[in-house]
Amino acid sequence: MAGLEDLYREVILDHYRSPRNRGELETPPAIMAEGFNPLCGDEIQVYLLVEDGVIAEIRIGGQGCSISQSSASMMSAAVLGRTPDGAREVLRSFKEMMSIHEHGLDGEPISTDDQPGASGLGDLEALRGVVKFPVRIKCATLGWNTLDQVLDQTGT
Amino acid sequence: MSTATLNVTTVKADFPLLGREVNGHPIVYLDSGATSQKPRQVLDALDRYYEEINANIHRGAYLIAEKATTAVEDSRAALAGFVGASAAEEIVFTKNATESINLVAHSWGRTNLSEGDVILLTTLEHHANIVPWQQLAAERGVVIRWIPLDDDGRLDLTDLDQLLDGVRLVAVSAASNVLGTLPPVRRIADAAHAVGALCLVDASQWVPHYPTNVADWDCDFMVFTGHKMCGPTGIGLLWGRRHLLDAMPPFMGGGSMIQNVTFEGFTPADVPTRFEAGTQPIAEIVGLRAAVDYLNAIGMEAIRQHELDLTAYAMRTLTERFGDDLAIHGPHDLENRGGTLSLAYRGIHPHDLSQVLDQHGICVRAGHHCAKPLMKVLGVNATARASLYLYNDESDVDALADGLAAAGDFFAF
Numbered sequence: 003m004a005g006l007e008d009l010y011r012e013v014i015l016d017h018y019r020s021p022r023n024r025g026e027l028e029t030p031p032a033i034m035a036e037g038f039n040p041l042c043g044d045e046i047q048v049y050l051l052v053e054d055g056v057i058a059e060i061r062i063g064g065q066g067c068s069i070s071q072s073s074a075s076m077m078s079a080a081v082l083g084r085t086p087d088g089a090r091e092v093l094r095s096f097k098e099m100m101s102i103h104e105h106g107l108d109g110e111p112i113s114t115d116d117q118p119g120a121s122g123l124g125d126l127e128a129l130r131g132v133v134k135f136p137v138r139i140k141c142a143t144l145g146w147n148t149l150d151q152v153l154d155q156t157g158t
Numbered sequence: 024m025s026t027a028t029l030n031v032t033t034v035k036a037d038f039p040l041l042g043r044e045v046n047g048h049p050i051v052y053l054d055s056g057a058t059s060q061k062p063r064q065v066l067d068a069l070d071r072y073y074e075e076i077n078a079n080i081h082r083g084a085y086l087i088a089e090k091a092t093t094a095v096e097d098s099r100a101a102l103a104g105f106v107g108a109s110a111a112e113e114i115v116f117t118k119n120a121t122e123s124i125n126l127v128a129h130s131w132g133r134t135n136l137s138e139g140d141v142i143l144l145t146t147l148e149h150h151a152n153i154v155p156w157q158q159l160a161a162e163r164g165v166v167i168r169w170i171p172l173d174d175d176g177r178l179d180l181t182d183l184d185q186l187l188d189g190v191r192l193v194a195v196s197a198a199s200n201v202l203g204t205l206p207p208v209r210r211i212a213d214a215a216h217a218v219g220a221l222c223l224v225d226a227s228q229w230v231p232h233y234p235t236n237v238a239d240w241d242c243d244f245m246v247f248t249g250h251k252m253c254g255p256t257g258i259g260l261l262w263g264r265r266h267l268l269d270a271m272p273p274f275m276g277g278g279s280m281i282q283n284v285t286f287e288g289f290t291p292a293d294v295p296t297r298f299e300a301g302t303q304p305i306a307e308i309v310g311l312r313a314a315v316d317y318l319n320a321i322g323m324e325a326i327r328q329h330e331l332d333l334t335a336y337a338m339r340t341l342t343e344r345f346g347d348d349l350a351i352h353g354p355h356d357l358e359n360r361g362g363t364l365s366l367a368y369r370g371i372h373p374h375d376l377s378q379v380l381d382q383h384g385i386c387v388r389a390g391h392h393c394a395k396p397l398m399k400v401l402g403v404n405a406t407a408r409a410s411l412y413l414y415n416d417e418s419d420v421d422a423l424a425d426g427l428a429a430a431g432d433f434f435a436f
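Heads up: the protein sequence lines correspond to chains A and B, in order. Heads up: the first sequence is residues 3 to 158, going by the numbering used here. Heads up: the second sequence is residues 24 to 436, going by the numbering used here.
Check each hint, because a few of them may be wrong.
[As the list claims (entries may be wrong)] Calculated cross-link-like contacts (lysine to any residue; reagent style SDA-like; alpha-carbon spacing at most 20 Å):
hint, chain 1, residue 1, chain 2, residue 2
1, B, 395, A, 134
2, A, 134, B, 381
3, B, 395, A, 45
4, B, 395, A, 65
5, B, 395, A, 47
6, B, 399, A, 157
7, A, 140, B, 395
8, B, 118, B, 273
9, B, 399, A, 134
10, B, 118, A, 65
11, A, 134, B, 118
12, B, 399, A, 47
13, A, 134, B, 382
14, A, 134, B, 393
15, A, 140, B, 220
16, B, 395, A, 87
17, B, 399, A, 63
[Said to hold, decoys possible] From chain A, some residues computed to sit far from chain B (all C-beta separations above 12 Å):
hint, residue
18, 5
19, 7
20, 13
21, 19
22, 45
23, 58
24, 68
25, 79
26, 82
27, 88
28, 93
29, 94
30, 101
31, 127
32, 158
[As the list claims (entries may be wrong)] Computed footprint of chain A on chain B; a stretch qualifies when at least three of its residues, placed anywhere within it, have a C-beta under 8 Å from a C-beta of chain A:
hint, stretch
33, 53-67
34, 417-425
None of these hints come from the bench; they were simulated from the model. Idealized CB from N, CA, C, for every residue including glycine.
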């Protein structure tokens with residue numbers, strides 16, 4: 003049985019208590035996308051300011067559970083200073099981590115657990131445990147799907 | 024009126040699922056507002072139907088087809104009696120309450136409403152009683168108006184007369200699926216009739232819990248779903264006044280719903296067959312009848328009293344134990360509410376709360392409960408909702424309180 007500590011790792015709770023890059027940016031010059039989880043009513047706004055080809059500022063707005071909020075907070079720290087393409091690379095790695103585990107939900111051992119850090123996601127690895135709680139995957143990916151939308155607006 | 028009291032130990036034993044464990048704990052099922060559990064009597068009825076009389080209805084002239092047809096029509100009659108309908112023909116089988124409301128919106132609404140007509144809804148409504156009307160509004164230029172809430176989560180009827188100006192239909196829940204609020208349906212139906220409007224009642228959260236009588240409400244349409252009242256999923260009901268149903272065109276076309284079909288066109292069947300296109304969920308109709316028999320054997324008055332006592336116990340227990348750390352949305356006086364308790368606890372997100380409760384085997388619903396306009400008025404994105412039913416007892420409430428305390432410890436920051 004997956005226990006609560008598998009889901010609520012300390013680093014997750016830390017980002018939930020002290021979310022990074024929380025707030026808004028003026029649009030324009032910043033761009034913004036809004037995401038909804040229609041199942042639970044959570045909503046999130048991701049603001050990006052791209053200057054000289056890199057994400058110079060990022061802010062996260064909205065309300066949500068500890069998983070959606072901490073995931074978005076970690077995401078903001080992970081993509082700040084990257085180019086839009088670099089951010090897409092992180093996005094892809096993160097979503098792979100979520101979907102690899104989706105295939106492991108039938109109780110099969112999850113092989114990537116044996117390779118901590120293999121994805122190069124750093125703190126975001128803490129969200130690996132979310133996939134043992136299938137309902138919460140949508141919470142963890144809400145901010146990322148919204149980032150995907152806002153990156154589309156960068157035109158790069 | 025029956026004065027029998029409900030023996031919750033006996034009742035609980037009728038529900039096989041309530042005997043299982045979840046995450047190493049005996050299950051504590053507090054999500055009957057989403058769907059109820061099913062008693063052995065209903066499960067057996069489904070099995071018996073398939074094992075003994077499975078055949079399509081209103082078709083074959085052989086023994087089991089006749090028996091299946093009779094079982095469906097007996098169910099219709101039993102449901103008519105259960106809700107105080109004057110004739111079985113006023114009962115239309117649908118998939119669920121959502122389909123029932125869509126049926127009225129498409130058939131009655133598109134026949135009778137045009138640009139500028141007003142539909143009056145309440146702030147309490149489930150999306151099922153909002154979106155079909157919004158679709159009609161977008162298509163026909165019908166205007167939607169809303170009855171507001173007061174600070175206690177009851178309908179604020181102060182300006183009802185003004186709100187009713189130009190209204191053709193009032194659609195109201197008999198019991199809120201979020202706040203447990205019990206709006207004064209008869210008063211609203213009377214006010215609607217006074218301006219020549221009709222009244223539709225969404226009784227999905229009412230019928231499982233209280234004696235129901237459409238004549239007492241004096242409403243014109245009433246809808247509910249079977250799976251919240253111990254019946255199977257996939258079966259719901261529309262009750263309508265006979266003369267209204269008679270004047271309504273079919274909703275869906277297909278087999279069964281016709282009198283005659285030619286190369287040139289078709290003639291629809293009489294009600295209720297007119298509205299029951301295609302093969303019906305026969306087993307579910309039979310199963311729902313078993314649910315009605317089950318509830319009647321216990322007595323709806325006894326169920327109502329049991330839930331009233333348990334709701335009082337729950338509100339007292341939670342308030343005494345958690346004080347200002349816990350808020351129960353909606354009315355606090357038991358005359359105006361049922362056993363649906365939407366909770367806010369120490370700022371812990373409902374999703375996180377329900378996750379911790381799940382570890383203790385406790386099932387509550389976290390989310391917007393398909394009532395996003397109401398969530399906006401409450402100023403929240405979501406609530407954690409515990410909803411009580413006939414098989415719940417004080418030990419379930421105590422387990423909920425213990426689970427909340429554990430969640431508070433886990434998220435104590």
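Index of numbered hints that the structure contradicts, given in increasing order:
1, 6, 9, 10, 11, 14, 15, 16, 18, 19, 21, 22, 24, 33 and 34
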